Amino acid sequence: MQARVVITGLGVVSPIGVGIDEFWKAALAGRSGISGITGFDPFSMDGYRSKVAGQVRDFSPERYIDRVQADRVDRYAQFALVAAKEALADSGLRMEKEDAHRVGVIVGAGMGGMVMGEREITQLYNYQKPHRVHPNFIPVITLNSASGIVAMAYGAKGPNVTISTACSSSAHALGQGLHCIREGRADVVIVVGADASITPLVFAGFCSLRALSSKFNDHPEKASRPFDRGRDGFVMGEGAGALILESLAHAKKRKARIYAEAAGYAATSEAYHMVIPREDGEEVAVTMKLALADAGAIPAQVDYINAHATSTAIGDAVEAKAIRRLFRSRADKIAVSATKSLVGHTLGAAGAIGAIASVLALYSGQIHPTANYDDPDPACELAGISNTAQERKVRTALLNAFGFGSNNAAVVLTRYAA
Amino acid sequence: MSDRAVLEKIIQALAEYLKREAAAIKPSHHLRDDLGLDSMAVIELLYKIEEVFNFQIPDQDLVGLTTVDSVAAYVEGRLAPAPTSISPGRRTKSSLKAGTSPKSKKKR
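As you go down the protein sequences, you meet chains A and B in turn. Under my numbering, the first residue of the first sequence is numbered 292, with each subsequent residue one higher. Under my numbering, the first residue of the second sequence is numbered 117, with each subsequent residue one higher.
No lab work stands behind these hints: they were computed from the structure. A couple of the hints might just be wrong.
Unchecked claim - Some chain A residues flagged as far from chain B (calculated, every beta-carbon gap over 12 Å): (1) 332; (2) 338; (3) 350; (4) 434; (5) 474; (6) 501; (7) 523; (8) 544; (9) 577; (10) 665; (11) 666; (12) 667.
What the hints assert, rightly or not - Which residues of chain B face chain A? A partial, calculated answer using Cβ under 7 Å: (13) 168; (14) 175; (15) 179.
These figures come from a predicted structure and were not determined experimentally. Heads up, the beta-carbon is just placed ideally off N, CA and C, and yes, glycines get one too.
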């Protein structure tokens with residue numbers, strides 16, 4: 292028999308708070324974490340079309356983790372370490388009591404160590420001194436640096452994998468964590484999503500891609516507005532989310548507090564276009580349907596969808612269309628919220644942070660608002676989207692995440708009933 | 117620069133991008149429907165045009181840039197001396213035409 296998988300610990304680093312309590316309080320209040328970009332020195336923001344982002348301001352890693360350790364890794368991996376630390380503490384898991392080889396780490400990251408990456412490349416090209424490239428450059432920019440450092444920091448010797456599927460990375464990490472435990476390859480998986488690439492080059496790249504909001508540079512808190520008629524692109528964010536997954540048997544044995552069950556997962560490719568979704572929503576609908584099937588659930592059971600909803604014109608409309616396509620008359624009865632309205636699009640961290648919002652909805656019965664949903668766009672109107680918090684007993688939640696490279700992920704999370 | 121010269125430069129940029137003969141590209145061609153450019157390809161084309169004519173095209177101006185002609189008219193508007201009543205080149209007739217914004221196709 293396949294193991295059931297539950298979630299027993301949460302941790303987060305986000306533009307609206309470091310730590311679950313701060314994050315959730317701000318999320319329920321609909322507080323935006325989007326602000327004008329600082330810290331691009333010596334670059335001025337003048338040449339950038341978009342000038343706003345969801346930044347984790349005043350982040351001092353040494354407040355949370357060992358200073359030497361923090362110094363050896365890039366910002367995204369620092370976020371990962373901090374989020375994982377909180378999640379582990381929250382779960383009550385004591386690593387010294389665990390079989391270390393049965394504890395895995397699966398990290399989703401889209402961009403990786405871009406802070407050092409950009410710095411070293413710039414220096415090399417400017418000064419042409421190859422011998423001055425930092426000795427830690429390769430270990431830092433290698434995309435599995437976060438999954439490596441999290442395992443080292445907390446002594447997890449089980450499967451250690453990094454998944455990089457752009458904006459859906461950590462939804463896939465969550466799904467793979469679920470399957471890893473379900474298949475008996477680990478008892479516990481520390482799932483983390485992390486990215487911190489609000490850096491001069493990456494940000495310029497997203498600007499050139501014309502993917503970012505540029506209409507609200509003077510009102511940053513208004514820029515991320517999924518499903519709203521005035522949306523004009525996504526807002527970059529940064530952060531990390533961590534979830535402790537374990538088999539139900541393992542959680543019960545140690546009498547852990549159980550937040551929710553991770554019940555199903557599906558991964559698909561639209562095999563269509565690097566950055567454009569299929570406009571009919573068919574592939575997204577199929578992905579949600581497959582995830583529900585994996586959970587042994589049917590569409591009629593879904594109460595809440597944590598939408599991918601990045602605040603782009605086409606992306607939000609396609610997702611709404613897909614929801615309507617799959618759920619038909621039920622589509623308007625499902626509560627829907629977009630976590631990116633609060634924190635921006637945290638790329639590789641987005642799936643994990645959305646999953647945390649979903650788990651908390653299942654656990655607390657509260658659904659955070661979709662900020663700036665002031666003027667519903669008829670192209671993606673669903674009755675369950677609200678710019679205020681909703682209270683509802685959620686039994687089955689669906690998390691959507693889609694990424695460049697034509698990939699889709701959906702994860703089903705359910706209320707845990709003992 | 118004459119209007120004709122602008123149009124020729126745009127057609128040349130398109131020909132290079134599409135790996136086609138410039139003669140096969142007509143001013144009336146719709147970028148998507150006739151030339152097969154998807155929204156990403158339009159953005160790449162505009163990136164090239166920004167380089168050729170040395171100015172930036174704000175996101176808001178993408179709406180309406182749907183045909184070879186409309187791109188040429190937009191570029192001409194940007195190159196023309198700015199009337200004092202509007203900010204330089206931010207708004208042209210072509211930019212106000214209804215149409216599918218290439219940006220609107222971006223997702224994820």
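- Exclusion check [residue 474 of chain A not at the chain B interface, CB over 12 Å]: Fine: 29 Å to the nearest Cβ keeps residue 474 of chain A off the interface.
- Task: Decide, holds or violated, for the assertion that all CB atoms of chain B are farther than 12 Å from the CB of residue 434 of chain A.
- Result: holds, 19 Å
- Hey, does the residue 168 of chain B contact hint survive, CB to chain A under 7 Å? Check failed: Cβ of residue 168 of chain B comes no nearer than 16 Å to chain A, outside 7 Å.
- Message: The output says residue 350 of chain A does not contact chain B. Does that hold with a beta carbon cutoff of 12 Å?
- Response: The assertion about residue 350 of chain A holds, with a minimum of 26 Å to chain B.
- Item | residue 666 of chain A remote from chain B - nearest C-beta pair above 12 Å | holds, 17 Å
- Query: Does residue 667 of chain A sit more than 12 Å from chain B, CB to CB?
  - Reply: holds, 17 Å
- Interface hint compliance - residue 175 of chain B to chain A, C-beta minimum distance less than 7 Å: holds, 5 Å
- Is the Cβ of residue 523 of chain A farther than 12 Å from every Cβ of chain B? With a cut-off of 12 Å, residue 523 of chain A comes too close to chain B, as the shortest Cβ separation is near 7 Å.
- 12 Å cut-off, C-beta based - residue 338 of chain A kept clear of every residue in chain B: violated, 8 Å
- Least C-beta distance from residue 544 of chain A to chain B larger than 12 Å: Non-interface label on residue 544 of chain A holds, nearest chain B Cβ at 41 Å vs cutoff 12 Å.
- Taking the closest Cβ pair, is residue 179 of chain B under 7 Å from chain A? Violated, because the Cβ-Cβ distance from residue 179 of chain B to chain A comes to roughly 11 Å (cut-off 7 Å).
- Query: Is residue 665 of chain A truly not at the interface, in the sense that its beta carbon sits beyond 12 Å from all beta carbons of chain B?
  - Reply: Non-interface label stands for residue 665 of chain A: nearest chain B Cβ at 20 Å, farther than 12 Å.
In this structure, the hints that do not hold are numbers 2, 6, 7, 13, 15, in rising order.
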